[in-house]
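K.L.:
Take a look at the letters that make up each chain.
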Amino acid sequence: MSTTLLLIQLLNGLQFGVLLFLIAAGLTLVFGVMGFINLAHGVQYMIGAYLTVAFAELTGNFFGALALALPTALLLGLALEFLIFRHLYDRDHLDQVLATFGVILFVNEAVKVIWGPSPLIVELPEALSATFQITEGLLYPVYRIVLIGVGLVVAAILWLVVQRTRVGMLIRAGATNPEIVSALGVDIRRLFTIVFGFGAMLAGFAGALAAPIFSVEPNMGDDLLIVAFVVIIIGGIGSIRGAFIAAVLVGLVDTLGRSVVTDAMRLVFDASAANQIGPALASMLVYVFMAGVLFFRPTGLFPARGSA
Amino acid sequence: MEGGKGAGGSAALGFGLLVALALVPLLSQVWGGTYLTSLVMQAMILAIAAIALDILIGHAGLVSFGHAAFVGLGAYVTGIAITEGLTDGMAILALVVLASAAFAAVTGAISLRTSGVYFIMITLAFGQMLFFAFGALAQYGGDDGMTLWETSTLFGTDALQAGGGLFWVVLATLALVWGFVGRLAVSRFGRVLRAAKEAPVRVACMGFSVFRFRLVAYVVAGVIAGVAGFLLAHQAEFVSPAAAAWQRSGDLIIMVVLGGMGTRNGPLLGALVFLGVEVTLSHLLEAWRLVFGPLLILVVLFARGGLAGGLDWAVDRWRTRVQARA
Numbered sequence: 002m003s004t005t006l007l008l009i010q011l012l013n014g015l016q017f018g019v020l021l022f023l024i025a026a027g028l029t030l031v032f033g034v035m036g037f038i039n040l041a042h043g044v045q046y047m048i049g050a051y052l053t054v055a056f057a058e059l060t061g062n063f064f065g066a067l068a069l070a071l072p073t074a075l076l077l078g079l080a081l082e083f084l085i086f087r088h089l090y091d092r093d094h095l096d097q098v099l100a101t102f103g104v105i106l107f108v109n110e111a112v113k114v115i116w117g118p119s120p121l122i123v124e125l126p127e128a129l130s131a132t133f134q135i136t137e138g139l140l141y142p143v144y145r146i147v148l149i150g151v152g153l154v155v156a157a158i159l160w161l162v163v164q165r166t167r168v169g170m171l172i173r174a175g176a177t178n179p180e181i182v183s184a185l186g187v188d189i190r191r192l193f194t195i196v197f198g199f200g201a202m203l204a205g206f207a208g209a210l211a212a213p214i215f216s217v218e219p220n221m222g223d224d225l226l227i228v229a230f231v232v233i234i235i236g237g238i239g240s241i242r243g244a245f246i247a248a249v250l251v252g253l254v255d256t257l258g259r260s261v262v263t264d265a266m267r268l269v270f271d272a273s274a275a276n277q278i279g280p281a282l283a284s285m286l287v288y289v290f291m292a293g294v295l296f297f298r299p300t301g302l303f304p305a306r307g308s309a
Numbered sequence: 260m261e262g263g264k265g266a267g268g269s270a271a272l273g274f275g276l277l278v279a280l281a282l283v284p285l286l287s288q289v290w291g292g293t294y295l296t297s298l299v300m301q302a303m304i305l306a307i308a309a310i311a312l313d314i315l316i317g318h319a320g321l322v323s324f325g326h327a328a329f330v331g332l333g334a335y336v337t338g339i340a341i342t343e344g345l346t347d348g349m350a351i352l353a354l355v356v357l358a359s360a361a362f363a364a365v366t367g368a369i370s371l372r373t374s375g376v377y378f379i380m381i382t383l384a385f386g387q388m389l390f391f392a393f394g395a396l397a398q399y400g401g402d403d404g405m406t407l408w409e410t411s412t413l414f415g416t417d418a419l420q421a422g423g424g425l426f427w428v429v430l431a432t433l434a435l436v437w438g439f440v441g442r443l444a445v446s447r448f449g450r451v452l453r454a455a456k457e458a459p460v461r462v463a464c465m466g467f468s469v470f471r472f473r474l475v476a477y478v479v480a481g482v483i484a485g486v487a488g489f490l491l492a493h494q495a496e497f498v499s500p501a502a503a504a505w506q507r508s509g510d511l512i513i514m515v516v517l518g519g520m521g522t523r524n525g526p527l528l529g530a531l532v533f534l535g536v537e538v539t540l541s542h543l544l545e546a547w548r549l550v551f552g553p554l555l556i557l558v559v560l561f562a563r564g565g566l567a568g569g570l571d572w573a574v575d576r577w578r579t580r581v582q583a584r585a
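Chains A and B are the protein sequences, given in the same order.
So in the numbering used here, the last spot in the first sequence is 309, and the numbers never skip.
So in the numbering used here, the last spot in the second sequence is 585, and the numbers never skip.
Honestly, I wouldn't trust all of these hints.
Here are a few chain A residues that face chain B, going by a calculated C-beta distance under 8 Å [what the hints assert, rightly or not]:
# : residue
1 : THR5
2 : LEU8
3 : PHE32
4 : ILE38
5 : ASP96
6 : SER216
7 : LEU295
Just so you know, these hints were derived from the structure itself, not from any lab.
All values derive from a computational prediction rather than experimental measurement.
Using N, Cα and C, we set each Cβ at its ideal position, and we do this for glycine too.
Isolated chain A, as found in the complex (with noise of 0.2 Å):
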């Protein structure tokens, strides 16, 4: 493989890196703090893409989409959590699967009621949409740069938060010990329904910077979310650090392997056994990088929780 190629493929593992970490973000501090775990994560991913192509079409300007599209998720997300996520807290793990699982099976349904089963496209708007030369016969899309480099700014800006600030301080004290943190006299509950709503508001972030490069469809939030939880499982759940982090590796794992491991397969099989295996072996690598990390540390890289 080209060096050209190589770089390529390296940014694209970056820029597919920075979106799972706006997801997993949300889920790995709502898991941290309140111990809820909500399949429906990626149903706000979806919301956000699809907010998106709706308020393109209503104001013509993907800017002003942006703007519309990221309030109404932050709202559509407090809603979820003050309708059906606030009386699950108490429950046990299996009945909050259950209960994000019939919302995710709500939502997607509806959102295909509402726009229909087929994928659509948004416009990137003009000043995106030219390529870059980053060296001689390498054009990059300005647009990926702009979202690998909003994703970046974003990160630092939650580190900032989270680390920083007296909000960033309640939200590591909850997911360390949330019991003492209640005891000490914060309103857990209206931290937490805050966690959810910027979590939300994150992915729907996220939905929104990927509708015009992926195509926007119901179930698109669904396979990104497993992606996320895997993410989070390897950067350990509760942490940030280790959702950036683990977020880039499963982005360039994934992003790299896809163009590396049929031609590894080649060195060992002939050509056409390794056409067959490499495309399954490639989809399977994620997976195995994810099992691999929890066989020498089974709490994630970075384990926020004192005991998970």
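Position chain B relative to chain A; hints supplied.
P.N.:
Below, chain B alone, put in the same frame as chain A:
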């Protein structure tokens, strides 16, 4: 739940259900035709997988969210074997058992190093791993799956063909699994599993290796689900990655929980009711999940204990009333 009935659930209810299922081919002569028999066959196959999952959820307290992957694995091993020209049913079954036991042993050994939510997510991830691997098998239909133009034979007979004796093979397997899990629940093995669910540290202190007991349970549940996949491939004469999709794993959990955890009648009842509700709702409304999703949420929030628990309770009440009158 404790006492005479043990964790097995009332045997009378289970027998009644199995006898009712045996009458379905007769009923289909009058009403429903082959649609009814194939629907009930599907429900029974799902019930086999759900009873297996209940070993993990109900008895061992392990919420596995990747159980449909074993059904998919069983179906794919069957489909690939038949496509490659192997048509001896028993040989294929042996392959299915080997493959699902091996996959369960490896993924179980890794997943069981963790617990709680980690376990849920990891089993989900391993299930998804198989789902994508099946979709990448381009020579076996890829994402679209493969149609089986012929099915296997059982000792040279057509017992494994949907038009032949498959209904009875499925029913017999279901009865066998139902009986086996009932025995398992009251055995020493089942008691250790349930004790480890309540207090793993105490059980470990008594000298049991909790990990080993759980791993054996995981492998047993995986193999039974693999056999369900073997039957599913014969029933549908079609194999696709959709059988291993994580939504199917969610469906199986719903069957176990709605039916009643830790009661072998529960998953059986849950599977029958689940498919019944799905078929009825989807006939009434194309977007039936708009109703089913909220229904599921409401059941989780307000109704607990499951159908089997409710039925057992109703039977007990009826009995005491009859006795009081006598």
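K.L.:
Now tell me, hint by hint, if it's right for this structure.
P.N.:
Now for the hints, and whether the structure bears them out:
1. THR5: violated (26 Å)
2. LEU8: Nearest chain B Cβ about 26 Å off; hint violated.
3. PHE32: The hint holds - PHE32/A has a Cβ within 8 Å of chain B, the shortest such distance being about 7 Å.
4. ILE38: With a closest approach of 5 Å, the ILE38/A hint holds.
5. ASP96: Since the shortest Cβ distance to chain B is 5 Å, the answer is holds.
6. SER216: violated (15 Å)
7. LEU295: Holds - the Cβ of LEU295/A comes within 8 Å of chain B, reaching about 6 Å at its closest.
Consistency note: the structure conflicts with the earlier hints numbered 1, 2 and 6.
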